[in-house]
Amino acid sequence: MNNNFNISEVLDYLPKHIKTMVIRLSKESLQKIEEIRLRLAKPLCATGCCSEIFIGADGEAEPSGVNAYIINEDDLRYSMQLVCNFSMYSVEEELKNGFVTVNGGHRVGICGRAVIENGKVKTLKDISYMNFRVAKQIIGASDKVIGYIIRSPDSIYNTLIISPPQCGKTTLLRDVIRKLSSGGEEKLFRGMKVSLIDERSEVAACSLGIPRNEVGMRTDVLDGCPKAEGIIMMIRSMSPEIIATDEIGRLEDANAITDAVNAGVKVITTIHGSSIEDFLNKQSLNRIHKEIFERYVVLSRKNGAGTLETVLDGKFNILFERI
Amino acid sequence: MDVNLIFKIAAIGIVVAVLNRVLNQSGREEMAMMTTLAGVVVVLMMIINLISNLFDSVRTMFHL
Amino acid sequence: MLLKGIGGLLVISASGILGILHSNKLSLRYKELVNLRRVMQMLETEVTYGATPLPVALYSVSKKTEGPVSRFLANVSEHLSKRSFYTLKEAWNDSAERLLMESSLIKADIEFIKSFGNILGCSDREDQKKHFQLFYIQLRHQEDSAMEEVKRSAEMYRSLGFLLGMAVFVVLA
Numbered sequence: 524m525n526n527n528f529n530i531s532e533v534l535d536y537l538p539k540h541i542k543t544m545v546i547r548l549s550k551e552s553l554q555k556i557e558e559i560r561l562r563l564a565k566p567l568c569a570t571g572c573c574s575e576i577f578i579g580a581d582g583e584a585e586p587s588g589v590n591a592y593i594i595n596e597d598d599l600r601y602s603m604q605l606v607c608n609f610s611m612y613s614v615e616e617e618l619k620n621g622f623v624t625v626n627g628g629h630r631v632g633i634c635g636r637a638v639i640e641n642g643k644v645k646t647l648k649d650i651s652y653m654n655f656r657v658a659k660q661i662i663g664a665s666d667k668v669i670g671y672i673i674r675s676p677d678s679i680y681n682t683l684i685i686s687p688p689q690c691g692k693t694t695l696l697r698d699v700i701r702k703l704s705s706g707g708e709e710k711l712f713r714g715m716k717v718s719l720i721d722e723r724s725e726v727a728a729c730s731l732g733i734p735r736n737e738v739g740m741r742t743d744v745l746d747g748c749p750k751a752e753g754i755i756m757m758i759r760s761m762s763p764e765i766i767a768t769d770e771i772g773r774l775e776d777a778n779a780i781t782d783a784v785n786a787g788v789k790v791i792t793t794i795h796g797s798s799i800e801d802f803l804n805k806q807s808l809n810r811i812h813k814e815i816f817e818r819y820v821v822l823s824r825k826n827g828a829g830t831l832e833t834v835l836d837g838k839f840n841i842l843f844e845r846i
Numbered sequence: 022m023d024v025n026l027i028f029k030i031a032a033i034g035i036v037v038a039v040l041n042r043v044l045n046q047s048g049r050e051e052m053a054m055m056t057t058l059a060g061v062v063v064v065l066m067m068i069i070n071l072i073s074n075l076f077d078s079v080r081t082m083f084h085l
Numbered sequence: 063m064l065l066k067g068i069g070g071l072l073v074i075s076a077s078g079i080l081g082i083l084h085s086n087k088l089s090l091r092y093k094e095l096v097n098l099r100r101v102m103q104m105l106e107t108e109v110t111y112g113a114t115p116l117p118v119a120l121y122s123v124s125k126k127t128e129g130p131v132s133r134f135l136a137n138v139s140e141h142l143s144k145r146s147f148y149t150l151k152e153a154w155n156d157s158a159e160r161l162l163m164e165s166s167l168i169k170a171d172i173e174f175i176k177s178f179g180n181i182l183g184c185s186d187r188e189d190q191k192k193h194f195q196l197f198y199i200q201l202r203h204q205e206d207s208a209m210e211e212v213k214r215s216a217e218m219y220r221s222l223g224f225l226l227g228m229a230v231f232v233v234l235a
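Residue numbers (the working numbering), protein chains in the order written: chain Y, 524 to 846; chain P, 22 to 85; chain S, 63 to 235.
Excised from the complex, chain Y in its bound form (with noise of 0.2 angstroms):
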């Protein structure tokens, strides 16, 4: 797939004004887009992995966003019927985290007036912001770090992904999974059973049930599931010899992971942080220990998004550094 094809999925939940507008920029400018922002009253916006281009009503690609089309409120209306398919109940759950996963897995960031009940974030109104990121699958994209995950034929070691924000994280964890899954000439890896929680719909991106990225033959994947359910769950269904997911955060979840390892499970997963120290210093955490990972992969935009900065085993060993 490549990145074309996931820019215009993102483009049909702009507003069809919008998205001519956007279309009529070069080929080499869609390319790079990574986000397109709306803000209220303010320039349409893409930003790509160093560029920023403010986006005309003639589709010209403004510099400085003097002469660029300013998002007015309807448009932000429309685009918000689009991306929760007009049904605003089907996506409260996702909006009360601020953020709606669209089909192709791309996450659509929305910002508005919380509506706080009992403490806690109930839903968002008075939509003002919204920012599209556009999903890239990458084939190949775990092709350096893969000889260190894989420990025998038919075994690997826990690893731990490392990453801050738009660094290519969800990505990685995705072509390991199907490198996983499917099997390698590397150490004539045979293909082991996976099972993806994929809570928010990122790794797999499924429709109706099929997954829309490549995440290998021998994965199961459970769609839109809170992790540290969905982990037990996989565990007593589908008798996985892996269990992959993203973005691990939360105490409920760190403890799923050990009763998956002491089950017998290897597990593959990926939290924010910048550093290995970020990642020790983390409070809910804490149990989540050291002695559960074996591999640590540390990611960075240093070299652009997905850079591999270093690799460490479970004693923090280094047995990879970027120069």
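A couple of the hints might just be wrong.
[Said to hold, decoys possible] In silico lysine-lysine, DSS-like type, Cα no more than 27 angstroms apart, as pairs:
| no. | chain 1 | residue 1 | chain 2 | residue 2 |
| --- | --- | --- | --- | --- |
| 1 | Y | Lys539 | Y | Lys555 |
| 2 | S | Lys151 | S | Lys191 |
| 3 | Y | Lys645 | S | Lys151 |
| 4 | S | Lys192 | Y | Lys645 |
| 5 | Y | Lys645 | Y | Lys619 |
| 6 | S | Lys176 | Y | Lys643 |
| 7 | S | Lys151 | S | Lys125 |
| 8 | S | Lys151 | Y | Lys648 |
| 9 | Y | Lys619 | S | Lys191 |
| 10 | S | Lys191 | Y | Lys648 |
| 11 | S | Lys192 | S | Lys93 |
| 12 | S | Lys169 | S | Lys213 |
| 13 | S | Lys176 | Y | Lys648 |
| 14 | Y | Lys838 | Y | Lys805 |
[Said to hold, decoys possible] If you want the ones that stay clear, here's a sample from chain S, every Cβ over 10 angstroms from chain Y, calculated:
| no. | residue |
| --- | --- |
| 15 | Leu88 |
| 16 | Arg145 |
| 17 | Asp156 |
| 18 | Ser207 |
Since the hints were made in silico from the structure, they are not lab data.
If you're wondering where the values come from, they're calculated on a predicted model, not measured in any experiment.
Using N, Cα and C, we set each Cβ at its ideal position, and we do this for glycine too.
We have chain Y already, so just place chains P and S on it with the hints.
What follows is chains P and S alone, placed relative to chain Y:
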């Protein structure tokens, strides 16, 4: 004197009577009244010529 | 003479049939309102329990039901899937106009249905549920008034048709 005329008037009378009953029963009393009136007017129109002849004959008979 | 008879028969039966059709429209309206309730209850289940997005929910409800209202839902679902309109409200209103032409519902019923399109899909499940309940209460009023109309006028229109036909025949022939 057309016998048909008598039949016609009789028929109209019956129709008006039934219409009256149906409309009254469904509560449309104003409509019922209107149909009765309409019936009378129609009949009058049908025999207006005869009435005119009647008055002419009476006038000639009594040299008025 | 024969021609007169045939002419008269034609006039009386034409008028009579018109009367019957009009009378049927009234009782059909009532039936369609009852059907509307059933259809909306199914939609409510899809929305409040299944949290199914509207294009899918409307389509699946329309598959399980019949009648003009069912076609109306299928219509809205199609508009949404094709993104022919920017908002649900516009798609809903457009299909409602078509419903007015294709069914025995009257303008007041259609306006009432249109007003529901203003809030459908615009809030969370609890809120939607409340709006559905409100809809049913108002629908009950429409149903009651439709039933009253039927009781009052259905029989009347039937007789009226034939009688007027006869009156015309008698006057003209």
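Margin query: Of the numbered hints stated earlier in the document, which are not met by this structure?
Written below: Hints 6 and 16 contradicted; others consistent.
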